[in-house]
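Participant: Sequence:
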Amino acid sequence: MAKESLGERIWYKYWPPQVPKCLDYPDCTLAEFLREAAGKYGSRPAVFFLDAQVTYSQLWEMVQRLAASLAGLGLKKGDVCAIMLPNSIQFVFSFYACQLIGVTTTAINPTYKALEIQHQLNDSGSKALIVLDAVFEEAGKALKETGVDMVIGTNVVDLCGFSSLKVLLGKLVKKIPTGDLPADCLKLTDLLKTESKPPAVDVDPDEVAVLQYTGGTTGLPKGAMLTHRNVVSNAVMCDAWLCKKDPSMGIVGVLPLFHSFGMTTVMNTAIRTGAFQLLFPKPPADTAELCAAIEKYSAKGGLIMPGVAVLFNKINTHPKAKNYDLSGLKMAVSGAGPLPLEVQNNFEALTKSVIVEGYGLSEASPVTHANPIVGHRKQGTIGLPYPDTDMKIMDKETGTKELPPLPFAVADTGGLTKEQAEEAQAYTGELVVKGPQVMKGYLNRPEETSATIRDGWLYTGDIACVDADGYTIIRDRAKDMIKFKGYAIFPAEVEDMLHKHPAVQGAAVIGIPHEKVGEVVKAFLVLDPAARGQVKPEDIQEWAKDKMSHYKIPSTIEFREELPTTTVGKVLRRVLKEEEVAKQKKS
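So for the sequence shown, the numbering used here puts the first residue at 1; every next one is plus one.
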């Protein structure tokens, strides 16, 4: 299905000639997306994971078997299945098996704590949970007060290709994470043994395929409803933008598939052209392992690596990185935060590849912008809108007045100068986008949906401007959102949890820049008068360990008599952030 032309746009001035401005999108579901790939590329490797390799034909067979078993167990079209797995073969076929029978998936971060898991299960209305045994202890605490009545467990090495002896030794020395599953828990590997065929289910591409959870103004994450058409369209866009000479190039899967960035740029983009996914259950603790894998799997075809700036900088600075042949890595795309110029230049010098910065958000499946892989790019910008993606800059105050582009073009390196930044204030507003990748809305949140999507335009909450050549510059990323190693941390969610501590009267959370991880969490707390002098910061941190994921726990806590607020009592995080910036400048 082809989109209509947007007409002339300022960003077409430097549009990469190899990329069509309008694309043809298959009118299909995600399951049909994979079925077509299996038909075309059956003998090609689809996934490399630990010691295992799965071809497209084998992957499609797994999908059909699991889909048949899930349907036989009572899961039906419109139900929701939660997937709480790390990157693995199991994640891929579980995701697509659900899509085949019209079951919506919602992926849960395996590091989540019980209350976080419980919220997502309840809010999504999940009926089933596919979970890693190593994290079931936490998930089990959450299940008691949910509507989940089917639990399916697996171990990370169930399909890894390891010998039974290697698996046993790995578990004994705790190199392979494992955990206990309840006696009534179904085993994922058993469900693959069925000889039954999955039922034929009529699924419309405009029906919801994925509930992708993202932060909310209430402090609790909300489910962005992504349709089959949304997700398929974005994968087609990503593939077109890469301008791959070899369509079977592999994609390095360090980004988590439970995040929309990994789901689209790794899993679905690979399936688009029959490329293989090189999956890691988590980013290797020793970056040399990643470098060794890049060298090894480059022999099977060139590699593409989506990632975040922190990851690329780890490769740059690893003392052994130069010992590996990284020339098989042909291109990389950095998202989920700014790509520093030094990181970009050093990575390209080390690998001889091309790395560009892009931009997206869960509500857009997620990618909307990127610098051209082939063609004119501008470091310090997020590049140009994707094909069939329109954008505007709207005034921050009302969101109803469209602002013009800057009267000047920024340089190809460095972004806005100090003087340009001052002049750009009058042209800076909220970035809004429109395209086939934009979500249907938020699950069960009509008011937030209508505030975020207006006349088909997605209001991103990010503050930006556009230069005279059509390149978008993010001035402030969703203002309060904290980015830790590419993970989004929403202050309201952390504040909401801190308020549950009996000694806490008030809480405000901000991100503090950190050279290794991006940002870390700092909390400002007002204690109950009776607790003052009795409760210490480390007491709060210890209390929080089983309440939220480790990266959300404040690394620094400062007690205050009061917090800065507006006249209506809303906490001014901006003031706290400005104070911290001033402190850092002094030090």
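These are computed hints drawn from the structure, not numbers from a lab.
One or more hints might be untrue.
Said to hold, decoys possible - Below, simulated BS3-like cross-link-like pairs (lysine-lysine); rule was C-alpha separation at most 27 angstroms, straight line: (1) K586 / K547; (2) K547 / K485; (3) K418 / K282; (4) K244 / K296; (5) K144 / K547; (6) K352 / K396; (7) K352 / K500; (8) K244 / K187; (9) K583 / K483; (10) K244 / K322; (11) K77 / K187; (12) K401 / K516; (13) K522 / K440; (14) K522 / K585; (15) K545 / K141; (16) K483 / K76; (17) K21 / K76; (18) K396 / K434; (19) K320 / K76; (20) K440 / K500; (21) K296 / K485; (22) K500 / K483; (23) K13 / K244; (24) K352 / K392; (25) K522 / K485; (26) K396 / K577; (27) K586 / K516; (28) K545 / K586; (29) K187 / K418; (30) K13 / K40; (31) K141 / K197; (32) K40 / K144; (33) K245 / K197.
Claimed, not checked - Using C-beta positions, here's what the derived DEER-type ranges look like: (34) K193 / E8: 52 to 60 angstroms; (35) K13 / G39: 54 to 62 angstroms; (36) E8 / P319: 24 to 32 angstroms; (37) K296 / D202: 37 to 45 angstroms; (38) G7 / F408: 20 to 28 angstroms; (39) L115 / E561: 24 to 32 angstroms; (40) A582 / F408: 49 to 57 angstroms.
All values reported here derive from a predicted model rather than from experimental measurement.
Where a beta carbon is used, it is the ideal one built from N, C-alpha and C, also for glycine.
Participant: Run the structure past the numbered hints and jot down the numbers of the failing ones, going up.
Facilitator: 1, 3, 6, 7, 8, 12, 13, 16, 17, 19, 20, 24, 28, 29, 30, 31, 32, 33, 35, 36, 40
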